[in-house]
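Here is what each chain is made of, one letter per residue.
2 protein chains.
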Amino acid sequence: MNSAASEPALIGIDWGTTSLRAFLIAADGTLLDKAASSEGILHVPDRDFEAVFDRCVGRWMEKRRLPVLASGMITSRNGWIETPYAQAPLSVDDLARALVGFTTNRGTEVHFVTGVATEHTSGPDVMRGEETQIIGASGLDMSDGDFVLPGTHSKWVRVSGGRIVNFATFMTGEIFAALLDHTILGTLAVKGPFLRKGFDLGVAAGVRDGASLLHDLFHARTLPLMGRIEGGMVADYVSGMLIGAEIAAAKARGDATSEITLIGRSDLADRYEVALHAAGIGTKRAPDDIVAGGHLRIARSAGLIA
Amino acid sequence: MNSAASEPALIGIDWGTTSLRAFLIAADGTLLDKAASSEGILHVPDRDFEAVFDRCVGRWMEKRRLPVLASGMITSRNGWIETPYAQAPLSVDDLARALVGFTTNRGTEVHFVTGVATEHTSGPDVMRGEETQIIGASGLDMSDGDFVLPGTHSKWVRVSGGRIVNFATFMTGEIFAALLDHTILGTLAVKGPFLRKGFDLGVAAGVRDGASLLHDLFHARTLPLMGRIEGGMVADYVSGMLIGAEIAAAKARGDATSEITLIGRSDLADRYEVALHAAGIGTKRAPDDIVAGGHLRIARSAGLIA
Chain P
1 MNSAASEPAL IGIDWGTTSL RAFLIAADGT LLDKAASSEG ILHVPDRDFE
51 AVFDRCVGRW MEKRRLPVLA SGMITSRNGW IETPYAQAPL SVDDLARALV
101 GFTTNRGTEV HFVTGVATEH TSGPDVMRGE ETQIIGASGL DMSDGDFVLP
151 GTHSKWVRVS GGRIVNFATF MTGEIFAALL DHTILGTLAV KGPFLRKGFD
201 LGVAAGVRDG ASLLHDLFHA RTLPLMGRIE GGMVADYVSG MLIGAEIAAA
251 KARGDATSEI TLIGRSDLAD RYEVALHAAG IGTKRAPDDI VAGGHLRIAR
301 SAGLIA
Chain Y
307 MNSAASEPAL IGIDWGTTSL RAFLIAADGT LLDKAASSEG ILHVPDRDFE
357 AVFDRCVGRW MEKRRLPVLA SGMITSRNGW IETPYAQAPL SVDDLARALV
407 GFTTNRGTEV HFVTGVATEH TSGPDVMRGE ETQIIGASGL DMSDGDFVLP
457 GTHSKWVRVS GGRIVNFATF MTGEIFAALL DHTILGTLAV KGPFLRKGFD
507 LGVAAGVRDG ASLLHDLFHA RTLPLMGRIE GGMVADYVSG MLIGAEIAAA
557 KARGDATSEI TLIGRSDLAD RYEVALHAAG IGTKRAPDDI VAGGHLRIAR
607 SAGLIA
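Each protein sequence line maps, in turn, to chains P and Y. 1 is the number of the first residue of the first sequence in this note's numbering; add one for each residue after it. 307 is the number of the first residue of the second sequence in this note's numbering; add one for each residue after it.
Read the hints as simulated data drawn from the structure, not as lab findings. Misleading hints may appear alongside valid ones.
Partial pick of chain P residues on the chain Y-facing surface, computed with a CB cut under 8 Å [unchecked claim]:
{"no.": "1", "residue": "D181"}
{"no.": "2", "residue": "I184"}
{"no.": "3", "residue": "R208"}
In silico contact screen, one side only, chain Y against chain P (beta carbon under 10 Å); selected entries [stated by the list, open to error]:
{"no.": "4", "residue": "T389"}
{"no.": "5", "residue": "A392"}
{"no.": "6", "residue": "L523"}
{"no.": "7", "residue": "F524"}
{"no.": "8", "residue": "R534"}
Even glycine gets a Cβ: it sits at the ideal position worked out from N, Cα and C.
Using the sequences plus the hints, can you model the full thing?
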């Protein structure tokens with residue numbers, strides 16, 4: 001591994017709302033080093049993004065400057081610089097052409113991967129950061145297909161012919177938190193370990209024909225009130241119902257095909273796996289750190305590395 | 307009006323979570339006096355319900371004791387006494403038979419109207435207090451039909467053959483508040499007067515075939531982000547979408563017939579009227595204070611007044 005291919009060639013940064021992950025990447029894709037920080041864009045002291053940048057990746061450029069790609073909410077209105085959205089459908093080359101350059105006060109050039117927009121009949125949709133993960137995943141053996149990125153705002157992304165053709169956002173994670181913390185549904189919920197039975201009941205309720213969240217969520221109150229489920233199951237029941245409703249809506253949109261690639265290694269992704277299987281949809285899992293593969297592919301297409 | 311029919315015959319109390327309304331009722335239904343308090347069951351100092359009771363209605367019993375009926379969340383777990391639910395379908399006579407008597411420390415007999423439960427394929431549903439309003443409304447020229455009581459938890463109630471045959475709860479109001487106050491949807495919302503255009507757009511989105519709240523709510527972020535609706539419309543857009551989704555779900559359940567009787571005189575009831583009309587459903591409005599009519603009918607059936 002002393003070949004030139006394993007020399008540092010690129011720094012990739014995935015800078016989100018609540019955290020930052022950085023990668024020192026060789027030309028062959030080997031990850032030579034990693035860094036992580038909780039200084040997401042909402043937690044950058046004095047909005048001094050360059051100081052966070054220097055702390056996280058500065059040591060990797062002590063010998064020589066490296067090209068830097070940054071993706072994620074860092075390009076949003078509350079980020080370091082705001083970049084316009086590129087319009088789907090788009091390929092890795094389109095994303096490379098849309099890179100927005102920026103020179104830091106210390107003279108380092110940072111190439112920002114811009115976010116992506118699409119248009120549904122119901123209205124516009126946007127993402128920042130997920131497109132780079134998808135480009136990373138689609139550089140593996142998973143070039144075409146449907147991808148789900150569970151999270152605060154989960155994303156369903158369709159890749160076809162090597163292009164991101166469309167995607168949809170579901171506010172599932174954020175709505176779950178608001179319901180449990182700020183409505184009556186939290187009052188009968190008892191904190192505890194994950195209870196699969198509560199989750200499964202919730203998924204079944206969420207995917208049911210004729211399901212209606214505004215009504216069905218009330219059962220997360222009536223069922224424990226009548227002693228039919230335990231308080232320890234309430235949160236898992238609500239979680240299952242919301243994820244089930246998300247899957248049912250994606251199916252109705254034609255986005256839930258026979259197999260989904262799940263991106264992310266969180267407990268949440270495990271829950272999506274369970275729920276997708278219950279809905280008769282197969283899953284595979286993308287490896288960790290695929291976002292760095294996305295940085296590499298976009299940088300290559302932009303001619304930033306050999 | 308000096309006839310015996312206009313003498314005080316009954317005290318009716320509608321005692322909810324956040325407020326209390328009391329009525330001094332004549333045998334012919336005339337309302338001789340009213341009282342109101344913000345001491346709903348969650349705001350009763352030291353849980354001394356009898357003190358609140360005495361302050362609100364004590365003066366009406368200085369000359370002589372009167373029968374007292376109380377309905378609402380006052381019979382819930384956090385209320386004065388907890389009563390079991392009566393099972394729908396039920397009539398005014400069934401509610402009269404299910405009254406739960408209670409003698410206060412000062413020796414006043416209070417008859418509590420118990421709440422009502424029903425069973426959907428999706429799970430159990432419950433209400434406390436709305437049944438008395440419905441009994442009041444159905445004593446007018448609106449005996450049979452579909453009733454909607456907008457609120458934190460709005461209720462759709464079907465009355466047929468003089469009986470409450472079933473009902474469904476929608477957590478619309480509470481979920482609206484949680485979304486605006488505790489998710490990203492609040493950040494682009496600008497407080498201001500009601501903007502009908504934003505509300506109408508939201509209703510259209512909510513009743514749309516293939517609508518999905520978890521996805522569509524994200525448009526309350528993307529539309530103002532892209533300058534397509536003003537920040538001042540965001541809250542009305544979300545409100546319209548939720549009420550629209552509630553109406554669509556009620557339609558799918560078969561609960562939204564050609565005409566709905568709206569109960570309540572709030573701004574919220576006005577919004578439901580607009581949304582129901584947009585969905586092609588006619589409305590009429592129940593008069594104020596119909597709950598007192600419910601108290602009277604139940605008391606009569608129970609033989610508490612002549």
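Results for each hint:
1. Residue-level restraint check for D181 (chain P) holds (minimum Cβ-Cβ distance to chain Y is 7 Å; threshold 8 Å).
2. At about 7 Å, the closest approach between the beta carbon of I184 (chain P) and any beta carbon in chain Y falls short of 8 Å, and the interface hint on this residue holds.
3. A least Cβ separation of about 7 Å between R208 (chain P) and chain Y falls short of the 8 Å threshold, and the interface hint therefore holds.
4. The interface hint given for T389 (chain Y) is broken, as the beta carbon of that residue sits about 14 Å from the closest beta carbon of chain P, more than 10 Å.
5. About 14 Å separates the beta-carbon of A392 (chain Y) from the nearest beta-carbon of chain P, more than 10 Å, and the hint is not met.
6. Annotation: interface hint on L523 (chain Y) holds; nearest CB of chain P at approximately 5 Å, less than 10 Å.
7. Interface restraint check for F524 (chain Y): the shortest CB-CB distance to chain P comes to about 5 Å, inside 10 Å, so the restraint holds.
8. Of the supplied interface hints, the one on R534 (chain Y) holds, with its beta-carbon coming within about 7 Å of a beta-carbon of chain P, less than 10 Å.
Hint compliance for this structure: hints 4, 5 are broken, all remaining hints hold.
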